[in-house]
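S.K.: Sequence lines, in order, name chains V and C. Quick note on my numbering: the first sequence kicks off at 1 and runs consecutively. Quick note on my numbering: the second sequence kicks off at 1 and runs consecutively.
Just so you know, not all the hints are guaranteed correct.
Since the list gives no way to pick out one identical chain from another, each pair is judged satisfied if it fits inside one copy or across any two copies.
In silico BS3-like links for lysine-lysine, alpha-carbon gap of 30 Å or less [unchecked claim]:
1. K81 with K61
2. K61 with K163
3. K160 with K24
4. K61 with K234
By construction, these hints were calculated from the structure, which means they are not laboratory data.
There are 2 protein chains.
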Amino acid sequence: MIAASGFNPVRTGRNCRDSINMSKSTINDVARLAGVSIKTVSRVVNREAGVRDATREKVEKAIAELNYWPNQSARDLAASKAHLICLVYDDPSAYRLPSAGYIIRLQEGVLRVCRSHGYELLIHPCNYRDRQVGDELKVLIHRARPAGVVLAAPLSNFPKIVKAISATGTPFVRLSPGQKLTGERVVASNDRAFAAEMTCYLASLGHRRIAFITGHPKHKAVGHRFDGYRDGLKRSGLEFSERLVMAGDNSFGSGEAAAMTLLQRKQRPTAVFAANDDMAVGVLRVASRLGIPVPEQLSVAGCDDITLAEQVHPALTTIRQPFSTMAERASLMLVKGTEESEKPNGTVVVPGTLKIRESTGPAP
Amino acid sequence: MIAASGFNPVRTGRNCRDSINMSKSTINDVARLAGVSIKTVSRVVNREAGVRDATREKVEKAIAELNYWPNQSARDLAASKAHLICLVYDDPSAYRLPSAGYIIRLQEGVLRVCRSHGYELLIHPCNYRDRQVGDELKVLIHRARPAGVVLAAPLSNFPKIVKAISATGTPFVRLSPGQKLTGERVVASNDRAFAAEMTCYLASLGHRRIAFITGHPKHKAVGHRFDGYRDGLKRSGLEFSERLVMAGDNSFGSGEAAAMTLLQRKQRPTAVFAANDDMAVGVLRVASRLGIPVPEQLSVAGCDDITLAEQVHPALTTIRQPFSTMAERASLMLVKGTEESEKPNGTVVVPGTLKIRESTGPAP
DNA sequence: GTAGCGGTTGACAACGCTGTCAGGTTCATT
DNA sequence: AATGAACCTGACAGCGTTGTCAACCGCTAC
């Protein structure tokens, strides 16, 4: 298939005509009206090269006149692959976590690519704690035959899930996986680097006792942030101390719990950096409850820039994760990978950006 | 098509066997292995009646052995309709509104139906301010040929959008439309009723000056809540006063603005009921800034039960909108409508439920 | 013994498109 | 004027299902 990077079936420039004419005309009708063969219409529709301008115009006119749109099922059948990208992520309704924003951003990213390349997006939330999840994904892929699969974190870290998808032979890209495998496509953000950056930022404000709340142990990418925290400490000439590290599990509640412990010490930290925003907001909540003014007496920073981060008071300093861009890049690899020559493996890193808001300030 | 209400292609009870065997076997292979005709395999796969048990078992065994899954494109082509439900909603990235939770819930609802009926979900956020949106939807429908379209609010209120979908002839269901048209399918929640209920609840706490912040004028369903507010006032024997009504636009910011005005009056209201949660949270924020304790000096209530409602401090009293259930019911109408005899129009009402949390209390 | 009738099965033609390949045109080159 | 080469175009065979319809089987009813 030649398929120029263009995508959508050609339509003459003018807007869709009144399509009261919903007569689902076929390529045959167009061919007849234009006085050419089916194949030629197909060529025009797919923007294949090698059609004389005059012919193309005739065909385009006929297409517009009949309000023709190719039948996707037939196309996919003939080309033996569906114009579909499948986005697989952790089911938000399984937890009660506010991961909605994360998912929406992922979807946005994939959708951008879909729109520009004539693909459709199939979404598939699933629950990794479900025993059957591997089979479920295989079935999905067998049924839908998508051009590729984008596997979002934290699912991208579960071997059984990766294996299941891999077994189908369908191209896939992992997002923010904890560890990389060889010969595999990955899009990640630089968690370690930006966590270090945040730590340095806090240190530069004069903080000396910077606590860290770790993420869910299964979520590897979040784990890298801990490494980044240590990097940042070292780079700022600060001592690492176990006492300043609390274990969290990415949830709001675990952030609260950690803060309860940290903030009630006689010598409490002057800054708390949480591995994600949910926990950071938990810290904020506890601080408010304990009457500790933020940022005057305590600086709080998170990671991810969830919607809530902006709405909470004081607005949370955090790191904006480029989720949507990551998903976009991943989808692009998939789309290109099938249209052009199969690309080899590759890792794309999309950088996150510091969002400094109100919850951080000079050390007291 | 006979198609029992069952859906997924039959698989023998046991789990998928090791499917290293990803050989994309076709119905032909199965037929050969089982020693029957293609058509018989098709019957078994589709759970059609009239296959002898012994034959069915032979076929199921062959299916399991070859790890066969029907090709969706081929199916859709032959049956001339795709097993797809299309969910169309307002693009959250177009605004900067935190509508992610809303969308995720809608998706959840549709997905439940998809899963149980062998459909897939196609999502299509779009921007109603875009001139081309009608054509865009027509193209989508022409291309994907979904079994039906679920049109979410606030999009369900725009005539040009409804018309465009209607013109394609594809069955569709509107969610929470502002006004109903005849001969049309609708799923709505009882906005007016529950807004009245909330108002009565506040009145029952002793509040006499209950303010209301209206929603975006274009969002009709939210408009009904204003009517409900007046109903509630009347039912509680309270006088309606223009002075207690502020115009909002569904955004956090507009909630803040309204609160700034309301709460700085010498005789401020003792309760504020906002037409949605975003605005209610805005009120909470302003109250905190002005040092007005909630709920001791001021009760605040919202509508929708967005994720944030639970996380904010104090947790927001609100009304849980049954978005996910609404989407589910809508999808069900679509799926049934195409599988069974075309159902006539109908309106389904799914009730919302009061969620009383910390932000409301007895009048001071 | 035979017509008739459910119950069961298979042959075959779509479904609407793409890929392959051969055939036809056009045009510059010898 | 003949020879290619480059360019266009169309015939045709799938792609893997489902729908239609005819055929067959075994049995009951006459």
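S.K.: Could you run down the list of hints and mark each one as holding or not?
M.R.: These are the hints, each one checked on the structure:
1. For the homomeric pair K81 and K61, the shortest alpha-carbon distances inside one copy (29 Å) and between copies (27 Å) are both at most 30 Å.
2. When the C-alpha separation of K61 and K163 is checked against a cutoff of 30 Å, the pair qualifies only between copies, where the shortest distance is 25 Å, while the shortest distance within a copy is 49 Å.
3. Taking the closest pair of Cα atoms, K160 and K24 come within 30 Å of each other only across two copies (21 Å); inside a single copy the shortest separation is 44 Å, beyond that limit.
4. When the C-alpha separation of K61 and K234 is checked against a cutoff of 30 Å, the pair qualifies neither within a copy, at 68 Å, nor between copies, at 62 Å.
The structure shown violates just one earlier hint, number 4.
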